[in-house]
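K.L.:
Each residue of the sequence shown is one higher than the one before, counting from 25 in my numbering.
Since the hints were derived computationally from the structure, they do not count as laboratory data. Since the structure is predicted, the reported quantities are computational estimates derived from the model, not experimental observations. Where hints are given, some of them may not hold.
As the list claims (entries may be wrong) - For lysine-lysine, the following DSS-like pairs were computed, each having C-alpha atoms within a straight-line distance of at most 27 Å:
{"id": "1", "residue 1": "Lys-51", "residue 2": "Lys-223"}
{"id": "2", "residue 1": "Lys-122", "residue 2": "Lys-188"}
{"id": "3", "residue 1": "Lys-188", "residue 2": "Lys-42"}
{"id": "4", "residue 1": "Lys-26", "residue 2": "Lys-211"}
{"id": "5", "residue 1": "Lys-51", "residue 2": "Lys-26"}
{"id": "6", "residue 1": "Lys-123", "residue 2": "Lys-223"}
{"id": "7", "residue 1": "Lys-122", "residue 2": "Lys-41"}
{"id": "8", "residue 1": "Lys-223", "residue 2": "Lys-42"}
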Amino acid sequence: MKCAGIIGRLEDFEDQKKWFVNASYVKAIEALGWSIYPIVSNTSLIHALTICDCLIIPGGYDVQGYYVQEEKRAECTYYASMMDHFDFIVLDAFVKQKKPILGICRGIQIINLYFHGSLLTHMNEKTHAKNHMHSIYFASGSVLTQLYQTPCIVNSYHHQVIGKLGDDLQSLEYSEEMYVEAIAHKKLPILGVQWHPEKMDDDQILPYFFDILCA
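Based on the provided sequences and hints, a complete structural model is requested.
P.N.:
As structure tokens, then:
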């Protein structure tokens, strides 16, 4: 059985810091016949580079202002800076091994920043509110036209989006407001989506990533 590494999230629960992976990721990925290995430390990262066939960078809180070159905003909810730093460390390790990588929501933003792109750090609260659904449209030549009709409807749990696209990244889909909703690397097996495919009943992104990019 192939194994997907997924970066854990570190949050405070009842005054204790705990690492966790959302059950929705576990359910969706295991349904495709894969096992999951949580990456929660430098030691587990070293092991993951040996046993994992790909990396998932999951959603989570907003990226710290330090990484987007602006002051912290009251509208944003941040992890401690070490969480951002750990995401970049893990991503860098998997990029260097040229293993397939999928970034989801916050994950697409981490990928874009890693490749020297930028973020827009606070979008319209109504159009980018939690559980909001909206249409997305394919960019010319997008590989995702094989998976969806255009426009297609996706969920939205975010209020930060990609600004300047990172080096060697291409946009695959746009929102109605022309914000980037999906990206791919031009040379490496790296894909990112701004929505949460693991929470969608008609998802085609996870099968595409695991069956095609990870083949």
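K.L.:
Hints first: check each against the structure and report whether it holds.
P.N.:
Hint check:
Using a Cα cut-off of 27 Å, the hinted pair Lys-51 and Lys-223 holds, with the two alpha carbons roughly 10 Å apart. Proposed proximity of Lys-122 and Lys-188 is supported: the alpha carbons are some 24 Å apart, at most 27 Å. Proximity of Lys-188 to Lys-42 is assessed by CA-CA distance (about 34 Å); at most 27 Å being required, the pair is judged violated. Distance hint between Lys-26 and Lys-211 is fulfilled; the C-alpha atoms sit about 23 Å from each other, no more than 27 Å.
A distance of roughly 15 Å separates the Cα atoms of Lys-51 and Lys-26; the hinted pair therefore holds under the 27 Å criterion. For the suggested pair Lys-123 and Lys-223, the alpha carbons sit about 24 Å apart, so the restraint of at most 27 Å is met. Distance restraint check for Lys-122 and Lys-41: the Cα-Cα separation of roughly 32 Å exceeds the 27 Å cut-off, and the hinted pair is therefore not satisfied. Annotation: proposed proximity of Lys-223 to Lys-42 holds, straight-line Cα distance about 23 Å (limit 27 Å).
Figure legend: structure checked against the earlier numbered hints; hints not met, in rising order: 3, 7.
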